[in-house]
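Enquirer: So the protein lines, in turn, are chains A and B.
Residue numbers for the first sequence follow the numbering used here, beginning at 9 and rising by one.
Residue numbers for the second sequence follow the numbering used here, beginning at 9 and rising by one.
Where hints are given, some of them may not hold.
Here are the computed lysine-lysine pairs in the DSS-like style, where the Cα-Cα straight-line distance is at most 30 Å [unchecked claim]:
1) A:Lys263 - A:Lys197
2) A:Lys74 - B:Lys311
3) B:Lys219 - B:Lys197
4) B:Lys283 - A:Lys15
5) B:Lys119 - A:Lys283
6) B:Lys283 - A:Lys10
7) A:Lys160 - A:Lys32
8) A:Lys15 - B:Lys268
9) B:Lys330 - A:Lys32
10) B:Lys88 - A:Lys293
11) A:Lys311 - B:Lys74
12) B:Lys27 - B:Lys212
13) B:Lys80 - A:Lys330
Some residues of chain A that are not near chain B, with every Cβ distance over 10 Å (derived) [claimed, not checked]:
14) Asn92
15) Asp141
16) Asn251
17) Ser285
18) Thr345
No lab work stands behind these hints, which were simulated from the structure alone.
The beta-carbon is built from N, C-alpha and C at its ideal position, and this holds for glycine as well.
Number of protein chains: 2
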Amino acid sequence: MKITCPKNQFLYGVNTVSKAVSNKTTMEILQCILIEAFDDCIKLTANDTELGIETVIQGTILEPGKIALEAKIFSEIIKKIPDNDVYIETDEAGKTNIECEQIQCSIMGRKGDDFSHLPEIEKENKITLSQFDLKEVIRQTIFSVSDNENNKLMTGELLSIENNKLTVTSLDGHRISVRNIELQESYSKMEVIVPGKTLSEVSKILPGEAKDTVNLYLTDKHILFEFGDTKVVSRLLEGKFYNIGQMLSNDYETKLTINKMELLRCLDRSTLFVKESDKKPIILKIENEQMNLMISSQIGSMKDQISISKEGKDIVIGFNPKFLVDALRVIDEEEVTIYLMNSIAPCIIRDETSSYLYLILPINVSNSNV
Amino acid sequence: MKITCPKNQFLYGVNTVSKAVSNKTTMEILQCILIEAFDDCIKLTANDTELGIETVIQGTILEPGKIALEAKIFSEIIKKIPDNDVYIETDEAGKTNIECEQIQCSIMGRKGDDFSHLPEIEKENKITLSQFDLKEVIRQTIFSVSDNENNKLMTGELLSIENNKLTVTSLDGHRISVRNIELQESYSKMEVIVPGKTLSEVSKILPGEAKDTVNLYLTDKHILFEFGDTKVVSRLLEGKFYNIGQMLSNDYETKLTINKMELLRCLDRSTLFVKESDKKPIILKIENEQMNLMISSQIGSMKDQISISKEGKDIVIGFNPKFLVDALRVIDEEEVTIYLMNSIAPCIIRDETSSYLYLILPINVSNSNV
Chain A
9 MKITCPKNQF LYGVNTVSKA VSNKTTMEIL QCILIEAFDD CIKLTANDTE LGIETVIQGT
69 ILEPGKIALE AKIFSEIIKK IPDNDVYIET DEAGKTNIEC EQIQCSIMGR KGDDFSHLPE
129 IEKENKITLS QFDLKEVIRQ TIFSVSDNEN NKLMTGELLS IENNKLTVTS LDGHRISVRN
189 IELQESYSKM EVIVPGKTLS EVSKILPGEA KDTVNLYLTD KHILFEFGDT KVVSRLLEGK
249 FYNIGQMLSN DYETKLTINK MELLRCLDRS TLFVKESDKK PIILKIENEQ MNLMISSQIG
309 SMKDQISISK EGKDIVIGFN PKFLVDALRV IDEEEVTIYL MNSIAPCIIR DETSSYLYLI
369 LPINVSNSNV
Chain B
9 MKITCPKNQF LYGVNTVSKA VSNKTTMEIL QCILIEAFDD CIKLTANDTE LGIETVIQGT
69 ILEPGKIALE AKIFSEIIKK IPDNDVYIET DEAGKTNIEC EQIQCSIMGR KGDDFSHLPE
129 IEKENKITLS QFDLKEVIRQ TIFSVSDNEN NKLMTGELLS IENNKLTVTS LDGHRISVRN
189 IELQESYSKM EVIVPGKTLS EVSKILPGEA KDTVNLYLTD KHILFEFGDT KVVSRLLEGK
249 FYNIGQMLSN DYETKLTINK MELLRCLDRS TLFVKESDKK PIILKIENEQ MNLMISSQIG
309 SMKDQISISK EGKDIVIGFN PKFLVDALRV IDEEEVTIYL MNSIAPCIIR DETSSYLYLI
369 LPINVSNSNV
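Pulled out of the complex, with its shape left as it was, chain A reads as follows:
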């Protein structure tokens, strides 16, 4: 193989596909980026067998061929060479010369015959949405994905499409995050569970312009994200996602509206008093037009109060403040509305139209000093 591309093309390509390079494996081929130069197209691919990314870069093919290069050293060389044309040449044995200006680097590559290509995805069930929307919806739900591999389904997010609505749901046993997006077109009902890791890597490489779109293709086993010259293919998590419908009751005994930043800052401060080994709750005491917040642990204690507007009953309820913080951070509205039933039922933070909904389980505070 002999190719020439500007450094910035390699840099873009390597940064894009590197997200699918495995760093937890001992299989050397999974730590590689495959460069293929055929038919006027220079393609970079990485694939850790769960998640695969390929992208096309602009350059000139002087002699077609392919080579698999160890991702770490190749990307570091690309980063550190001058901003100029880069010439790459490989020999029969896999020895790869990377040249830029007067600099000549040489590393050993692999022929790449054992490289696992991205699976071919049937392009039947296609959904189109704006890159901005996809990136946002990932940010707004990814934090409540579980990192506990024992409960595999909780490590993914449910993408469910019906008519012109995409609903994204994640949950970790303590809380549920739901976001709804309106789509331009209407689709038949589809549901897939996408690994959290896939979504988080996709959100990193998506440019995220509102005017640009991303196409999603769904099959039984895979999801394909296609944007620009980049394709991301991921395995799906198999199984039946949790039925959360019955938890999302619209009933409430207390409804309160509160300034988001004020509440967020107070809760964020209160996390200073949470000890890993002894998770004390923050206790919210809602009385008339005021929320009193209290936390007390081995570290110390904090009290604060915030004005609210309230409909319904007074209530005392405790939460892990971090869970409230996570939800409030991804809500863009200036004011949030919180719905409460009683001190042992979950609270729900949602807007009027349920474009977002965050459910958080309380911590029992009946024995606490309040």
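Knowing the structure of chain A, use the given hints to seat chain B on it.
Expert: Just chain B now, kept in the frame of chain A:
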């Protein structure tokens, strides 16, 4: 104790003295910041017994007293409270209330009777220099301090004053860094060895304005840095520093002048090919008006070339590229001059007046393929 200070005063104070809070100890008092409010002066102190820092902050004393607060939680509370006046009140038992606007925090403090104050330093041997100069000279020499505690003296830097010259020297067995600064006044000859950690912490809290000065006071056992309302006291390292005079010969067989950034970028790239377990040198082959650079390791190989101007013999010599990179990074000149004797003698990078001098030992490359 009852005091009120603006948040930003506490923040400044805590950030300043925190550098002397020990985080390697199990002695709880060493993890504390002492707040003392007496005689119209609110003073914050931290002292890990090697290094101590105290600073004065502006505020109002409502009731004099003192308290030692755990540095980590106190500084986090200060960071997270609103930008407004902060009221601190302690009771007999050490319980400390920190109040800001409607927020009330409470943590347990210690009476601070077991807190070790900074030692009193005789203010006899005083040296004055600009904060900028001190900060710069630390940055330009600190990297070649050894982190190996077995060779205690190498973990410090020699500050030697004679007439109107301050010379700062550090070495780690592989290289030597020397910087000379001209002082405004003349002083009698003095030499102290200051722990590298002290200098690195001082450089972090020194504002570093060229127009502002810092006073150094030297005793047998201690050095005191005084600037603004802040005092830093450190133990000195005791012993006789290495005599480096005989190594800093002015003789050379090869003198070459080279563009600093070009050399630095090339060497920096070459570090990609250095493996922790197998430190291959970068080989410099100096021939006529050209430097050829080569490195070859298990990872791969790199060749580069740079134009130079040369006096004297051609030479081939090898170095750990990281050591050259460290020195070149802190030289501000556009061109550097390198003096070489032979392939087993150290190279010296210095300017005409020896305001700086970096000596680096070579790696024997006689067996390498060059």
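Enquirer: All the hints need checking, so say for each whether the structure fits it.
Expert: Going down the list of hints, with the structure as the test:
1. A:Lys263 - A:Lys197: 33 Å, violated
2. A:Lys74 - B:Lys311: With a Cα-Cα distance of about 24 Å, the restraint between Lys74 (chain A) and Lys311 (chain B) holds, given a limit of 30 Å.
3. B:Lys219 - B:Lys197: 26 Å, holds
4. B:Lys283 - A:Lys15: 25 Å, holds
5. B:Lys119 - A:Lys283: Judged against 30 Å, a Cα distance of about 24 Å means the pair holds.
6. B:Lys283 - A:Lys10: At roughly 28 Å apart (the allowed maximum being 30 Å), Lys10 (chain A) and Lys283 (chain B) satisfy the hint.
7. A:Lys160 - A:Lys32: 18 Å, holds
8. A:Lys15 - B:Lys268: Holds, at about 23 Å.
9. B:Lys330 - A:Lys32: 28 Å, holds
10. B:Lys88 - A:Lys293: 22 Å, holds
11. A:Lys311 - B:Lys74: 24 Å, holds
12. B:Lys27 - B:Lys212: At roughly 9 Å apart (the allowed maximum being 30 Å), Lys212 (chain B) and Lys27 (chain B) satisfy the hint.
13. B:Lys80 - A:Lys330: Holds - the C-alpha atoms of Lys330 (chain A) and Lys80 (chain B) are around 19 Å apart, at most 30 Å.
14. Asn92: 13 Å, holds
15. Asp141: 33 Å, holds
16. Asn251: Non-interface label on Asn251 (chain A) holds, nearest chain B Cβ at 39 Å vs cutoff 10 Å.
17. Ser285: 15 Å, holds
18. Thr345: 23 Å, holds
Comparing the model with each earlier hint shows a violation of hint 1 alone; every other hint is respected.
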